[in-house]
Structure formats: C-alpha cells, structure tokens
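With the hints as your guide, set chain S onto chain P.
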Amino acid sequence: FLYVHRDPMLKKRDDFEDILEERRNCSDLRYALKCYTPVVYKGLTPCKAGVLKNMVLQSDQLHYVINQVSKETGKAPEDVQEEASAILEEMAHRMQLSTVRFFAFTLCKVFKTLFRSICVNEEGIQRLQQAIQEHPVVLLPSHRSYMDFLLMSYILFTYDLALPVIAAGMDFMGMKIVGEMLRMSGAFFIRRSFGGDKLYWAVFSEYVKTILKNGLAPVEFFLEGTRSRTAKSLTPKLGLLNIVMDPFLKGEVFDINVVPVSISYERILEETLYARELLGVPKPKESTSGLFKARRVLSEDYGSIHVYFGQPVSVRSLAEGRVNRCQFNLTPRHIPKRPSDDVHSFVNAAAYRLVRAQEENMVLKPWVLLASLLLQNHHQDLDQDRALTEEALWLRDVCRQYGAFLHWPDHVPPSEVVSSSLDLHRGLVRISEGRVRLAVEHAGPSEEQLLNQAVVVLSCASYRNQALHVFLRPALLASAMHIATSSNKQEVFNSFSFLRNMFSNEFILCPGATMQDFEEACFLLVKTGVLQITEQEVLSTHRGHRTLAFLTRMMDPFLQGYQVICMFLCEEASEALTEKTFIPAVRGFMVKQLLSGRLRYTEVLSSDLQKNALAALLRLGAVLKTKGYVDY
Amino acid sequence: CGSTSNTDAGGLFMWMSLIGHSLRQEIMKWNGWGYVDSKFQFNKKGQAEFTGKRYRLSGMVMPALKEWFESTFGASLQHKTPASAIPNSSAVQPPILNEAFVEDLKSTGIPFSQDAEDRVFRAHGHCLHEIFALREGKVGRVPDMVVWPSNHNDVVKIVELACKHNVCLIPYGGGTSVSSALECPPEETRTIVSVDTSQMNRILWIDEKNLTAHVEAGIVGQELERLLNESGYCTGHEPDSMEFSSLGGWVATRASGMKKNIYGNIEDLVVHIRMVTPQGVIEKSCQGPRMSTGPDIHHFILGSEGTLGVVTEVTMKIRPMPEYQKYGSVVFPNFEQGVACLRELTLITNVFAGHALKPQKFYITKFKGFDPNRLCVATLLFEGDRERVLQHEKQVYDIAAKFGGLAAGEDNGQRGYMLTFVIAYLRDLGMDYYVIGESFETSVPWDRVLDICRNVKERIIRECKERGVQFPPLSTCRVTQTYDAGACVYFYFAFNYRGLSDPVHVYEQVEHAARDEILANGGSLSHHHGVGKLRKEWMRETVSRVGMGMLKSVKDYVDPGNIFGNRNLL
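Chains P and S, in that order, are what the protein sequence lines are. Reading the first sequence from the start, the letters are residues 1 to 632 in my numbering. Reading the second sequence from the start, the letters are residues 1 to 570 in my numbering.
If we strip away everything but chain P, and leave its shape as in the complex, we get (with noise of 0.2 Å):
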C-alpha cells in the first residue's frame, strides 16, 4: 500500500476554442479553398501515390510472404504477387485535395445545423503540430459515432495539419459512392476479419508501416476497433498498435509519436439506434440510402462536440526499460514473427493506458450527471428545481474531486443548466408539473413495451456510460465493502479484486494494476470524507453514506445483469448452447424474468453486457467452449 497518488483534482487541461464561430461569419467556400500547407515530418521524402504502392510491393517483407505463400499454395510466385496487388489496390486510399476541399465545404453546413459548436484544445493541436514535425504520428481517436474520422479530417484541414490516412472497416465500402469518397479523403480499407489470411495481413501491415516510417501521413484508427455503442470505451483491440509500434521496436524509426484523441458528442446522433442494436433490432446495413434518410437527424439540435488532442506519447519513452529490443537482432526484421510473451504485454499495457487517456480527456456534460440520477430513479418522480437540482449539484462537486473533466457552466444558475440540458435530451425525459423522469411508460405485461422502455433506458445508460470511468475504482470498492462479510482490510480488498477481476471485459481496468487501482478507490473516499481506512479496517463514515448509495447503486446493473446471467446458464443452458444462440436465449430468459418482476433493472437487456459477461465467465474457466459436439 506504498503506491503515492496524484490528486486528481490538479489534473491540468487545456481551453478550448469554437472552430464553428468562425464558420458562422464567414465564407464557407472561401474556408474549402483555402491554401492549405501543412507542415510535415521532418524526415519526410514526398513520395506519389503510385510510388508508396510499388514501395510496399517491393519489400522484402512481402516477398518473402509472397513465396512463402506460393511455397504452400503450389501457386505460381506471379499470381500471388497478383493478389497481393489486388488487395492493395482494395485497401489503399488515394488521398485527393480536392475531395477534402469538397468535404470540409459540406461539412461546415452540416455540422452548423446539427451542433451548436465544435469545441477543440488548440494547445493540443499546437502540440500535435510539432510532434508531426519530429516523428512519425498516430493518431488514436475514440470512436462513438460515424461522424468520427470526418470531423477529425475536418479538424486537421481547419488546422492547416497534416491529413490522416484513416483504417477504416471494409462495410463502409457498401456505400458506393460514399466509401470511394472517403477513400479520397484518406480513408484505406480493410477487412473485418482475414485472421489466418497470411498475404492479407503482410500486405495490410506492410501498408501501414510503409506510411508510417516514412512519415509520409499521420495514421489515424480506432482502438477500441469499433464505434462504442454504449459510450463505454471497449477493450482495445491490439492488432493495429502492434502493426505501428513494430517499426520503433525494430529500429526502423528513432521514435513514434502515439495521440490520443477524445471526442465527446453531447448528444450522440446514433442515440437509439444504438440502443435499439443492443436489444437486438439488428443494426442497419450501413448504405448511401441509409445515410440520407438519416436527414431527420439534421433538423434536431446534437448541442456541442468536445474535441481534446491529449498529450502525445512517446512509444520509446512507453517502452523504455519493459522491452528488450534486442529480441529483434537474431532474424532479419522483414520474417514475419509472431510478437513475443513481453511484446505482447507491452503492447497491450499501453493499449489501456492510451484508452485511459481518451477517457479522461472526455468531456463531460451536466447531463451526464443527470443521466446518472435518472437511472438510478427511474421508478419515481423527481422535483426538477429541488431534488434533481439539489442532487445535481452533490454529484457536480463529488464529480470534480474524483477528478472528472466536468463543463458545468458556473455562472449560469444552476437551475438553468439543469432545464436546459433537460431540454436538450427532451426525447428521454417527461417533465410535467414541475417533476422530471424518464420518458418511460410504466411497463405492462408485453415485451414489447419492456422493450420501448429498455430503448429509452439504454439511451440514457449511454450518457451515464461517459461518466463511468469517473467512478468506476471508487464505485467498485463501494460495492466489494457492500458484499464483503466484514470491515477487515484485506476482505474488503478481496471483494475488491474479485469484482474487478469480473468486470474487467466490462470496463476499462488495466491488467495487473488492483493494488493501484484499490489504493485510488480508497485515496479518492478518504480525501471527500466518506472513508475512514486504519491499519485494519475500511469503515464508512457517517456522512459517507450518501455517496457509497450512489456508488453501489451505479454497479447494481451490472452486478445484477452478471447474476442473472449465471442463473441462466446454471438454470436453462443446456450443452447444445452456442456462441450464437447465447444472445438470443439470455435475452428470453431475462425478459421472462423482468416481466415477472423478479429483475430490476431493463438495462440488463444490452446485448453488450451479455457479450462481456460471457466473455468474463470464460475467462474466469466458468464456462467452457468447445469445438463441435461433446461427448461425456
């Protein structure tokens, strides 16, 4: 218990600046056209389009694949370079100015209709300026919305910065024309999954790190690999960082410079699209026709974006004294090789700490806070001006001493903010006579009201969800001392790492780190005077019991949705159970128990707590996969 914390009160951030404000004052077109010259790597030789393709087709990494390939497949050393080719040609971008020019021209309308301003840290683009000047960049954005890579793009060309080249998932290649025009705009495509696919992935890699070390374009994906539908950050995905820390680890570049990005929606556009794909409505086949009649989208208010460009990291510093380098000198760096035990963690450890660094860089709006309230009040009304505001303001204060990025505007009445973002949000609440909840019927007997009622409960989950990382260490000691059967230290931690160790598919918890992550819990309750921690003992306080109600009631949902989970496959799983019939038979269980009242919380009807669960349980060896049919 040595592990000394930083008050996260002092957490500095940056300001931001509205980059719509000036949209709204002056030429769009002018904006599209201007000259653009942004400053580039340092060591960067230019190099056309045509000319990076022969570069990847030509080295010996892909040779070498190349033949070896040909080797098994019996195919001719010809034809696979022929694949490899064609391959290429479907992923590579082919970045246009002027289609940039085109997109930051429709862009400025859009984005002036759906949202009130986009907010951005300019110190951070400042940052990421010179960090582009002395070393290759990667960008790391966190993903909640479609909307992601081109409001980044949008961002950069604003900020006369280098243009990313973007990973983007092959569906967006569905839409005819819009997957080409994205392609122009930097966008590369790859495919969803090509696991055993050797010559796929030698030329995808081969690809990326050719852009990479030549510095010739930030590359820009998502880590968490796909678009949270629940706002949470998922568990990042390693493949990618593997492929651009590779070229440092190897040598072939002096440093890489790693930004992570955090993009906040006050109002997310997918809102109940999303929650709707969590309950099972399947998810629209993303498609051009789709996407317009998305046009009703457009005449609502989405409130603000918040932008942050977090400090870059130093993959060099990252792995400064946790890997060996040398690992690399005993075969020649273009064999392929699967990374090493160390690699592998290392990789992985900095995925979590680049997740968290999205995290806390999140915006957080006063709605998040009431959001939070809501759910945990749902069944009842609130007074809008006493008790909602009166609780707004508590969790405000508990919320800036855990640390949190909160804009709480301090010189509006806080009434005002509170009716306001009510009035944002008016889809998921009812407000009449003064008293607020959310806009959720009663549930009667039918599933599908549970199920219209679930939409409005998941929607508004998605909001607490932002805040989630905020509260999570000190939410999940609250509830390990609400299980544990004593107030003994070690118990209590027991409960602790249990708890963690289960949730961690669920949350963002750094592998290996539930001594630090107990010792936050407990600094944050001891400092805001909810904990009393001896030698011997965790003990609450008096004036504690406020915030550890409000902390447990924030992982009941979970907690309960785990539970029920286990009663299911204890109850009705039977062996002819499979990864694909799981979802939809949970679901029936779990509907069944709602409706008779026997389950509290709707929100345990997300497909994606289901998903974690499961994955949690065969992590834990609660649950076994096997292949095919067994036989006892």
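Source of the hints: derived by calculation from the structure; they are not laboratory data. Please note that a few of the clues may not be correct.
Taking lysine-lysine pairs in the BS3-like style, the calculated list, with each CA pair at most 27 Å apart, reads [stated by the list, open to error]: (1) S:Lys-53 to S:Lys-157; (2) P:Lys-42 to S:Lys-465; (3) P:Lys-12 to S:Lys-465.
Just chain S now, kept in the frame of chain P:
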C-alpha cells in the same frame, strides 16, 4: 599516412630502442594523444595549425578549422581550458611494494622502476575520462612498479615471481586502449606491476618460403612495417593507432586494420601465438596454416585483454610489399547511397580498403551538384600490381556510378587516410576550449546500418539535451570496414561543456545511452576496441550466461590467483 612521416618516426624509434626504455615517454604526451611535438593549436592570428614535422599536415595552417570549430560547437577561442602543465608527482600515491618480490626481481636483472612518472604514464589508456583527469592533474590508483622484460624468458621469470609472491600483473603494450583496460582496479591491494613489453620489439625471423615472420609481441605497428619493408614485406595490418599500438595489444584486443579487406584482421593474420600464463606457456606445436584440433586455443588468447597472461611472440603472415598503391575517392549525393554502394562493392570486388563518411566541412572540397549538407565521401585505397589495381579501380568507379557516385580524385582519398591518423589529435585541441568528445564503434549487419546510424545519432542529441548540455553536440558517424555480412560503424560524439559542473559524467551517461541504443539496434558491443572495464556490464547479455561461464572457467583454470588482475572483460 604518408611515407615521409613513417620513415621519420621509424628513425626515431630505432634510436629510442637503442638508448633505453624511458625515452618513448619523453617523446610522447603524458596527458594527450601522440607525440609531444605534434598538436593542433590556434596561432596568434587565430588560425589553426598542426605543429611538428612528423605528418603531412605538420606545419600547415588550416584557416577553415577555426570557423568549423566555432560553428560546430559554439566554442570560442576566448574560453580556454588549458591542461595542467607538468605531471604532479606529489599527487601520486607512494607505491605499495612487496619487498620479497622486489628482491627476487632484482636478482633476475630485469630492469624496473618505481618512479612516479613512469607509473602514471602506464596507468591509463585514452578514454575521455582518463585524459580529462590527467589534464586536471588528477591521478587515481596507478601501478606500483614498472618492469621491462626484454624477451620471452624474462616474462616467464616475472610471471613466476608474481605467482610466488602474489603480485598483480598488468601487461602494457602501446597504451592506446580506449576501454579503460589499463586502469588499475582501485580495490586492488596487492602490488600492481605494469609489464611494459616495449623492449620486446625484434623480428626474430622471416620465413620467405611460407611467408611468415616471427615477431616479439612488444613491437609497435609502424616499426614492424618499417622493418618488414626493409626486407620487401609487409603485414598489411594498419589500425588507426599503428604508430603507437603493439602487436601483443592487437592480439589481446582482436584488433582490426583499415586494409583488412585485402590482408585480413589480426585473427586471420596470426599463425602462431606464444603466451605466458600463471599455469605456464601456451602455444601450438606446429605452424600449420589451419587445424582441426578442437576449438582453436588462439581464440582464448585473442581478445583476452590481458586477463590470462602476456603474449610474448607471434608468428604472422607477411606479403611482398605491393608493387603499386593508389588512393581514390568517390563522392555520393548522400550517406544512404554511399552505404549501399560500399555493400555492393564488398560483395562484388573485395579488393579495396574503403570508408564512407559524412565529411566535416573543414577539409572537404565543394562538389558541383551535390548538397554539401548531405553528400558523403568514400575514400579508397587499391594495392597490388599496377595492372590489376587500375582494373579494379575502373570496376569500382563503374559500380559507384550506379549509386550516383562520382570519382573525386586521389587527393581527397589520400587526405581521408591521413586524417585517420591525426583525428585523435583533434580531441586535445577541443579539450583546450571546453570541448570534449570521443569516438566509439560497433559492427552491424548491412540491413541495419542506416537505422543504427540514425537512431544512435538522434539518441546522442536527445540525451545531451536532457542532461543539460547547452550547445548542440557533434553527433556523426562513418562506415569504416566492410564485410560480406555487415559493416563496422564509427560514431563521433563531442560537445561544448561550458555551463556543466561535471562534464565527464554527462559524457559517460550519454555514451552509455548510445551503447544501449547500439545494442538495441542490432549492433555489437565492440568491433575491435574491446570490452575492457568500460563495456563489461554488457558482456553477459552479449555472450549469454553460458558464454560467460565458459570464459570464466578458462580464467579460473589459467589464472586461479588472479595474477593478471586488471579485471577486464569478465
């Protein structure tokens, strides 16, 4: 190195050997590189000149050097850091003497000395920290005695007495070590005796049938070449330090010479080695050109860095002196092309000696159409019969042309070679004006050469910044040797230390970081400088735990009492 200076210096050496053992000390600097009379200095007009008469550069004025010096380091002629003038005998600790050993030694008649100056002179090599301390008049643990054996048998007697009386021996050849190998371990409480081999400097025989020469190991490089040349032969082994370094030193450190592409490195050149150890004399029974008799015992000796015994006699391969010699140079648009070309040349025609370097502007001519900030010059030396030399030369220039290289004349080539001998003198000039620096080397596979150069240079710059160095450092490199499987790369690192309280410590930290970077980029711990005490900490990871155990068990068998207690290597 021009032929005039060779003869001059050789003449001096002969005279020196006749007169006595301490003379060398009088013509050599005690706290800097090389001869007392040869040094760079700024004359009254503020122009740089090189003093003395020994080198082609001697007596020349170099107007461009001052500007280069000032602009590269931010140094100024106003800010001087002169060395303390005379070795201060009172700073030297009185010798710890093993009286019984001294008595027995006297009875052998082998000359020895306990004079402070003699002892200080043999207490160091040429690492920056060693020279810096001497310039400040600081002296640490030094040998307690110096002894001058004049042949193999003398060494046998000395080693026997040392074992008998438990005395620590440190062999001393030319004193050009750059690995802290000659530093006396401060914790050593026994009498430390420096065994100076300089009097064992004869060629014992030349065998023209088999093209070998049997030579005493104390002979210094240029003397060996001069004596062989008189008979029409040469060894072709020309390390940059050949004016001062000794044959025994080459064997003990696995030395490499700049003409190794034609003649080979020291391990290729030796046919037979004789070494005196505490367990007795080790040598092979015949002079067969190659043997399959288990692991080659020469390889326990080569690179043993004075930890196992004293090398006393060596049979070396010799060759008839080349009929014709021609220098050459090629200028490339950039370092990348230069390196690519050297690799190609090595694979196609391995008959030249060559370097590729990014020249410093103070001595390079301007080349039309080349960016002076990026260009790279390769210097070349061809040797052999005239016809073949000219044929190779053409072949080399044809290949170079494919890499954008242009022939840049014999002059530039010759100047490049000359520079390798005087470059060590430059550091002393820098040290007069707040500039300290050093070169260090590595060997690395071809595909890593460019990466290692970039990363190590950048690491040096970054480390300097982080450690508060106020001026941008000089951080540059060159490829000095080529092999089929890779190259030897030299790094040059120097900086202006004004404003730093402990510049040597900063220097050492940066060099340490640079070595870490070298290893992380697939470079070796050393190509030919050796390990000494300076690079010991990386030995285990370099040769593996088992490898260390092997070396250790050899040491334990050969020298169980740690008589050869310089504590190098292991």
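Hint numbers contradicted by this structure: 1
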